[in-house]
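Starting from two chains that each stand alone, build the complex the way the hints lay out.
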Amino acid sequence: MSATVITITSGKGGVGKTTATANLGVALAMLSQRVVAIDADIGLRNLDVVLGLENRIVYDLVDAIEGHCRLRQALIRDKRLSELYLLPAAQTRDKNAVSPEQMIELCDQLRPDFDFILIDSPAGIEQGYRNAVAPADKVIIITTPEVSAVRDADRIVGLVEADEKGPASLVINRLNPDMVRRGQMLSTEDVVELLAIDLLGIVPEDKEIIISTNRGMPVAMDGKAASGQAFRNIAGRLMGQNIPLTPLKGSPGVLDRLSRFIRG
Amino acid sequence: MGFLDQLLGRRQQKSSDIAKERLQLVLVHDRINISPGTLDKMKDELITVISRYVEIDANGVEVTFTQSRRESRLVADIPVVGLARRTSVRGTAASRGAGGDA
Numbered sequence: 086m087s088a089t090v091i092t093i094t095s096g097k098g099g100v101g102k103t104t105a106t107a108n109l110g111v112a113l114a115m116l117s118q119r120v121v122a123i124d125a126d127i128g129l130r131n132l133d134v135v136l137g138l139e140n141r142i143v144y145d146l147v148d149a150i151e152g153h154c155r156l157r158q159a160l161i162r163d164k165r166l167s168e169l170y171l172l173p174a175a176q177t178r179d180k181n182a183v184s185p186e187q188m189i190e191l192c193d194q195l196r197p198d199f200d201f202i203l204i205d206s207p208a209g210i211e212q213g214y215r216n217a218v219a220p221a222d223k224v225i226i227i228t229t230p231e232v233s234a235v236r237d238a239d240r241i242v243g244l245v246e247a248d249e250k251g252p253a254s255l256v257i258n259r260l261n262p263d264m265v266r267r268g269q270m271l272s273t274e275d276v277v278e279l280l281a282i283d284l285l286g287i288v289p290e291d292k293e294i295i296i297s298t299n300r301g302m303p304v305a306m307d308g309k310a311a312s313g314q315a316f317r318n319i320a321g322r323l324m325g326q327n328i329p330l331t332p333l334k335g336s337p338g339v340l341d342r343l344s345r346f347i348r349g
Numbered sequence: 003m004g005f006l007d008q009l010l011g012r013r014q015q016k017s018s019d020i021a022k023e024r025l026q027l028v029l030v031h032d033r034i035n036i037s038p039g040t041l042d043k044m045k046d047e048l049i050t051v052i053s054r055y056v057e058i059d060a061n062g063v064e065v066t067f068t069q070s071r072r073e074s075r076l077v078a079d080i081p082v083v084g085l086a087r088r089t090s091v092r093g094t095a096a097s098r099g100a101g102g103d104a
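As you go down the protein sequences, you meet chains A and B in turn.
Here the first sequence is numbered in the working numbering, starting from 86 and rising by one per residue.
Here the second sequence is numbered in the working numbering, starting from 3 and rising by one per residue.
Among the clues, some could well be false.
[Stated by the list, open to error] For lysine-lysine, the following DSBU-like pairs were computed, each having C-alpha atoms within a straight-line distance of at most 30 Å: (1) A:K250 <-> A:K334; (2) B:K45 <-> A:K292; (3) B:K43 <-> A:K334; (4) A:K223 <-> A:K250; (5) A:K292 <-> A:K164; (6) B:K16 <-> A:K292; (7) A:K334 <-> A:K164; (8) A:K292 <-> A:K309; (9) A:K223 <-> A:K97; (10) B:K22 <-> A:K97; (11) B:K22 <-> A:K250; (12) B:K43 <-> B:K16; (13) B:K45 <-> A:K97; (14) A:K180 <-> A:K223; (15) A:K334 <-> A:K97; (16) A:K97 <-> A:K250; (17) A:K292 <-> A:K334; (18) B:K45 <-> A:K223; (19) A:K334 <-> B:K45; (20) B:K22 <-> B:K43.
Everything labelled a hint here was simulated from the structure, so no lab data went into it.
Same shape as in the complex, but just chain B (with noise of 0.2 Å):
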């Protein structure tokens, strides 16, 4: 770090922080033996499942992994589309969140 940064008030990541944030990604790919590309595939697998039976938003589904403590969670984020006019009926709007864990 230069005088200059110093003096600008500009201040480098300290490393342990870096060497952190690495470690938590690197865990989280490691604890499930899954690969990004993997997770891509599944993804547009239950795409075409989910679609059998309701109408989704392919573009708005997001499949993720959550940790807390060491359970791995697998989180499925799916925009269902044409429900919220069915249920404003009965005056609850839920059309996003259909959410689910798998």
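Pulled out of the complex, with its shape left as it was, chain A reads as follows (with noise of 0.2 Å):
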């Protein structure tokens, strides 16, 4: 057997990508696989902390690229999962310290020892943006429903097949079905229409995400959170599950309400 890479990136940065790997990782392992997330945002790193493994890190991705430690020195282990390991980005380079073959080699070596290898993309389309793509047998690229970071994953679609890795999936992030329904922001099938990719699944607006990233525990290890369940379905669809794409229900209107008080 022999891991699945998936690329997560966006081009714009801020719309989600670590806060997705976190919880793909996490909801993938929740599942029995044998998971890695790789932070390939060298010098900005942040996986560690969304994940809440900040405090254990001795060796980083560029030590085990240069060879200051072996491969399995550097992987970190989240005790809460089985099977999640994070192999953390180095905070003190720049992303000139690897290149894209380098990156190849590195999950070619993991690759034996896992079901799915992620790497969380820095933002951009430049050096870090291609040693992110470069090992990917997928790509998923999130998006939110605003114009800038549309116009982005635009950009990213077309690199995506540019390189030969496409077609890429899509992730709407941070969707607020209220504002939807009332016509204040672009709705799935807009972004669907405008991009024109497969899509993977939609992430509502939570502010789950917000309290379970201050926690370092990310949302998808939540039962009960909204943010939550849509990453573990993510995470089923990736595994082959045919998970059907729900629409997202907004809050209750008043009709709503005071149906429900009048039925009891």
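Structure follows, in structure tokens:
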């Protein structure tokens, strides 16, 4: 068995790449998959804090690539789950410390021991992005329903196709169903029509994301949060499960609440 | 939107629709990476080259991009002058619409 390498990227910064990587890693591990999450954002390390593993870093990605340690030594095991590992980014180096060829080699070394290798890409379309996408078998593009994020996502769709890594699949993050209903936000259908790639999942806007990140406990571990469920659904789809894309429910309107009150 | 507008049924366009329309336009230009100015220049050169072989109505030439899924298509609609008479002898009239994909 050899791992599937999935790169999570977006073009624009701040749309949820790291949050998605952490949560998909957790959700896949909860489905008994052996997972390693690689932080490819060299110089701007963050996957460690989102996963709550920042205090356990000794070696990093660049140490492993430059031979300062064995690859196994740089992997941090998440004790809350049986088979989730983090390969943290170097914090004091920059994107040029690593080449796409070295990333491919690194992933090839990891492939025999894992089911999934998730790579958290840095924002942008330069060296860091190239390093993150080079070893990918699949690319997931994250966007939010905003003009700037969708425009940047479209650039990435084109680049992924040019690199023959396509077709990429799409995750729409931070969708607010109430705003969509009021015509104040691009809908899922709008975004899918504009980008013309397959939709892998929709994650609702959820304050639980901020709360769980404060704690270093990815929201997918939380059985109740809507966003956590969305990430678990995406993980299931990545494993080939047939989980239908259900439209997101907004908060109940006045009529909903009234009818529920009458019905008791 | 004011109360009076609402009363008279004058509705402001939804901001989500505005976002979609703006994106549709900007994405076409991002994808082909050709500015409107360059497009005009290309159109002039096309007219020069084709005029060497066929008499065309330069004012009626239209060069546009169309989009379907992730495929961009350059469509040139070039009206040919004088062809109508000759073809009409054979019973077909096709003076316009000699559009071709490039």
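Against the structure, the hints:
1. Only pairs whose Cα atoms come within 30 Å are accepted, and K250 (chain A) paired with K334 (chain A) is rejected, the gap being roughly 34 Å.
2. Restraint check for K45 (chain B) and K292 (chain A): the C-alpha separation of about 52 Å exceeds 30 Å, so the hint is violated.
3. A threshold of 30 Å between alpha carbons decides the hint, and for K43 (chain B) with K334 (chain A) the separation of about 50 Å lies outside it, so the pair is violated.
4. Distance restraint check for K223 (chain A) and K250 (chain A): the Cα-Cα separation of roughly 7 Å lies within the 30 Å cut-off, and the hinted pair is therefore satisfied.
5. Of the supplied pair hints, the one linking K292 (chain A) and K164 (chain A) holds, its CA atoms being roughly 26 Å apart against a limit of 30 Å.
6. Only pairs whose Cα atoms come within 30 Å are accepted, and K16 (chain B) paired with K292 (chain A) is accepted, the gap being roughly 26 Å.
7. Using a Cα cut-off of 30 Å, the hinted pair K334 (chain A) and K164 (chain A) is violated, with the two alpha carbons roughly 34 Å apart.
8. Taken as a hint, the K292 (chain A) and K309 (chain A) pair is honoured in the structure, with Cα atoms around 13 Å apart against an allowance of 30 Å.
9. Between the alpha carbons of K223 (chain A) and K97 (chain A) the distance comes to roughly 19 Å, so the proposed pair stays at or under 30 Å and holds.
10. Simply put, K22 (chain B) and K97 (chain A) have alpha-carbon atoms about 18 Å apart, close enough for the 30 Å limit, and the pair holds.
11. Between the alpha carbons of K22 (chain B) and K250 (chain A) the distance comes to roughly 27 Å, so the proposed pair stays at or under 30 Å and holds.
12. Pair hint K43 (chain B) plus K16 (chain B) does not hold up; C-alpha atoms about 36 Å apart against a cutoff of 30 Å.
13. About 34 Å separates the Cα atoms of K45 (chain B) and K97 (chain A), which puts this hinted pair outside 30 Å; it is violated.
14. Taken as a hint, the K180 (chain A) and K223 (chain A) pair is honoured in the structure, with Cα atoms around 22 Å apart against an allowance of 30 Å.
15. Among the hinted pairs, K334 (chain A) with K97 (chain A) is consistent with the structure: their alpha-carbon atoms are about 27 Å apart, no more than 30 Å.
16. Note on K97 (chain A) and K250 (chain A): the hinted pairing holds, with a Cα-Cα distance of about 19 Å set against a maximum of 30 Å.
17. The suggested pairing of K292 (chain A) with K334 (chain A) holds, with an alpha-carbon distance near 16 Å, which does not exceed 30 Å.
18. With a C-alpha separation of about 40 Å, the suggested pair K45 (chain B) and K223 (chain A) falls outside the 30 Å cut-off, and the hint is violated.
19. Note on K334 (chain A) and K45 (chain B): the hinted pairing is violated, with a Cα-Cα distance of about 50 Å set against a maximum of 30 Å.
20. Simply put, K22 (chain B) and K43 (chain B) have alpha-carbon atoms about 29 Å apart, close enough for the 30 Å limit, and the pair holds.
Checked against the numbered hints given earlier, the structure breaks hints 1, 2, 3, 7, 12, 13, 18 and 19 and satisfies all the rest.
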